[in-house]
Amino acid sequence: MNIELKKPSIPEGLWIKCISCNDTIYRDDYDEKFNICPNCNKHHRLDVTRRLEITVDKGSFKEYDADLKTVNKLNFPKYIDKIELLEEKTGLKEAVVTGECKINKNKAVIAIMDSRFLMGSMGSVVGEKITRAIEKATAKKLPIIIFTASGGARMQEGIFSLMQMAKTSAALKRHSNAGQLYISVLTDPTTGGVTASFAMLGDIILAETGALIGFAGRRVIEQTINQQLPEGFQTAEFLLEHGFIDKVVNRRELKDILSKTIEIHKGGKR
Amino acid sequence: MSKLKKTPWEKVCIARKADRPTSLDYINLLFNDFIELHGDRNYKDDKAIVGGIATFNNIPVTVIGQQKGRNTKENIERNFGMPHPEGYRKALRLMKQAEKFNRPIICFIDTPGAFCGLEAEERGQGEAIAKNLMELSDLKVPIISIIIGEGGSGGALALGIADKIFMLEHAIYSILSPEGFATILWKDSKRAKEAANVMKITAQNLYKFGIIDEIISEPEEGAHEDIEFVAERMKKQLQKEIKHLMKQNKNQLIKTRYEKYRKMA
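These protein sequence lines are chains A and B, in that order. My numbering puts the first residue of the first sequence at 1, with every later residue one more than the last. My numbering puts the first residue of the second sequence at 1, with every later residue one more than the last.
Hints were generated in silico from the structure; no laboratory data involved. It is possible that part of the hints are untrue.
Claimed, not checked - Derived coverage of chain B by chain A (criterion: at least 3 residues anywhere in the stretch with Cβ under 8 Å from a Cβ of chain A; other residues may be distant):
| no. | stretch |
| --- | --- |
| 1 | 14 to 22 |
| 2 | 33 to 40 |
| 3 | 50 to 61 |
| 4 | 67 to 75 |
| 5 | 151 to 157 |
| 6 | 164 to 175 |
| 7 | 205 to 212 |
What the hints assert, rightly or not - Label pairs and their calculated CB-CB ranges:
| no. | chain 1 | residue 1 | chain 2 | residue 2 | range |
| --- | --- | --- | --- | --- | --- |
| 8 | A | 230 | B | 28 | 16 to 26 Å |
| 9 | B | 243 | A | 203 | 49 to 59 Å |
| 10 | B | 243 | A | 87 | 47 to 57 Å |
| 11 | B | 18 | A | 224 | 36 to 46 Å |
| 12 | B | 251 | A | 237 | 40 to 50 Å |
| 13 | B | 28 | A | 203 | 54 to 64 Å |
| 14 | A | 20 | B | 188 | 49 to 59 Å |
| 15 | A | 89 | B | 194 | 20 to 30 Å |
| 16 | B | 19 | A | 77 | 34 to 44 Å |
| 17 | A | 87 | B | 255 | 57 to 67 Å |
| 18 | A | 218 | B | 194 | 19 to 29 Å |
| 19 | B | 187 | A | 87 | 20 to 30 Å |
| 20 | B | 70 | A | 38 | 35 to 45 Å |
| 21 | A | 84 | B | 194 | 46 to 56 Å |
We treat Cβ as the ideally placed atom computed from N, Cα and C, and that holds for glycine.
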């Protein structure tokens, strides 16, 4: 079950509670496949497994670089312990999974970030996996789709984390120069160094309904300017209004939009 | 090179000193005929970034730098060296212009970070930085970046994609300010000193990591003690590297730059 949904104590299993609207929902009414609240339309966060399920054709996913492991280059105290604990908890090795897949029969390279893993933060392994995926897409002349979900930089990796922004952006430039399509799909939350690199570089930038998207954290901005921020600040809808994304998408329609977009870039349906 | 070893926190304090030489101080000492050019052609002129054309040893160059003020009045005008999106867009405009006219680019990095504010978000701070990173990786003229004071996060990196990166002996370059780092990891900004130690933000650390290429010496207590001494050393390094980089063919230059960042992290 999704981490964001709390089960109330009684009656067991029949009811779940949406953390967004606080409504108690009869489980049978809840859209577990897409993890969307039927009451408030909140698109709750998805883990990699679920995201794959609703995005790629069954059995089509072939993972890249599954074994890349985190190195503690700064000798940051207890960092590796933390990573190992998260591995155990999430079944993931890092905050992104990359690979090749088919989306309604269209071949694509895909990268999916998972915010359960240290808030999806970008360290060397995350940056390297994404860069390698982009490079493979360039070599194989395939589109790349990146689902972002990240709090930004991986503090424990210091300057190496910062350099991932440069590395991923440079790889995308080569992919772009090769005339290939990049679609970024911004999901809740997309902030900091991920926003300031590959998230904002899509030929086409989609965002899920209601997703938090921004560069600086809300609290940091409030401290800087010493005032309250308006309602809806840094949501997908806010970015759409300001001209920084192409489209806000309901998760149920995402797969079709992705496949149609890929088809149009191949010169229409064949 | 100063004889006494400074702690990371001492370097943070030196890098932030009010009388630490700024980008314009170095620009005036190193270049001839500097003509400042303004504006991003889209929204406004961001005074936290200065840029323009000049000559260096009779070679036409484009010069860009983050600009702090020396006092409160100047700092308000310069927004404490924290650029808005239009600052990064101005920088990119001038860099594209340099590419068109085949001029090498020299960038001076000195910022606590990109500005964190309502309007910066509305105008796409993330997009502005991202676009610079992407375009600079493929710009077909030599780029040299010099970190002269604070190199704060993505806001610094947006002028820091270069073929050669120099750093002043007491400058710092980091993923976030030590205060911000301590707040995020330990929920306590007062542990900034401790953060400065674990973050590995000094020129000496970054040289060992291969993030920067050269360290430029400073007087004992910092560049403000003798800016001409520092500028002279900077000039020597620039002479050597510009000559070398200008000899490379464009494809080789771009390929080497890509591999530099590919290997770095």
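Hints, one by one, checked against the model:
Check on the stretch 14 to 22 of chain B: 0 of its residues sit with their Cβ under 8 Å from a Cβ of chain A, so the three-residue criterion for coverage is violated. Counting residues of the stretch 33 to 40 of chain B whose CB lies closer than 8 Å to any CB of chain A gives 0, so the stated coverage by that chain is violated, three being the minimum. Residues of the stretch 50 to 61 of chain B lying with their CB closer than 8 Å to a CB of chain A number 0, which falls below the three-residue condition for coverage. With 0 residues carrying a beta carbon less than 8 Å from a beta carbon of chain A, the stretch 67 to 75 of chain B misses the three-residue requirement, and the given coverage is violated.
Counting residues of the stretch 151 to 157 of chain B whose C-beta sits closer than 8 Å to any C-beta of chain A gives 3, which meets the bar of three, so the coverage hint holds. Residue count for the stretch 164 to 175 of chain B with a Cβ under 8 Å from a Cβ of chain A: 3. That meets the three needed, and the coverage hint holds. Counting residues of the stretch 205 to 212 of chain B whose CB falls under 8 Å from any CB of chain A gives 3; the rule of at least 3 is met. Range check, residue 230 (chain A) to residue 28 (chain B): about 43 Å between beta-carbon atoms, so the 16 to 26 Å window is missed.
A hinted range of 49 to 59 Å for the beta carbons of residue 243 (chain B) and residue 203 (chain A) is inconsistent with their spacing of about 39 Å. Remark: the range hint 47 to 57 Å for residue 243 (chain B) to residue 87 (chain A) is upheld by a beta-carbon distance near 50 Å. About 20 Å separates the C-beta atoms of residue 18 (chain B) and residue 224 (chain A), a value inconsistent with the hinted range of 36 to 46 Å. For the hinted restraint 40 to 50 Å between residue 251 (chain B) and residue 237 (chain A), the CB-CB distance of approximately 43 Å keeps it satisfied.
Between residue 28 (chain B) and residue 203 (chain A), the C-beta spacing of about 42 Å breaks the proposed range 54 to 64 Å. Checked against the hint of 49 to 59 Å, the pair residue 20 (chain A) and residue 188 (chain B) fails, with Cβ atoms roughly 30 Å apart. Separation of residue 89 (chain A) from residue 194 (chain B) is about 28 Å and conforms to the stated range, judged on CB atoms against 20 to 30 Å. Taking 34 to 44 Å as the suggested C-beta distance range, the pair residue 19 (chain B) and residue 77 (chain A) conforms, at roughly 36 Å.
The beta-carbon spacing between residue 87 (chain A) and residue 255 (chain B), approximately 36 Å, falls outside the hinted interval of 57 to 67 Å. Checked against the given bound of 19 to 29 Å, the beta carbons of residue 218 (chain A) and residue 194 (chain B), roughly 26 Å apart, stay inside it. Checked against the given bound of 20 to 30 Å, the beta carbons of residue 187 (chain B) and residue 87 (chain A), roughly 25 Å apart, stay inside it. Against the hinted window of 35 to 45 Å, the Cβ-Cβ separation of residue 70 (chain B) and residue 38 (chain A) comes to about 59 Å, which falls outside the hint.
With their beta carbons about 24 Å apart, residue 84 (chain A) and residue 194 (chain B) fall outside the hinted range of 46 to 56 Å.
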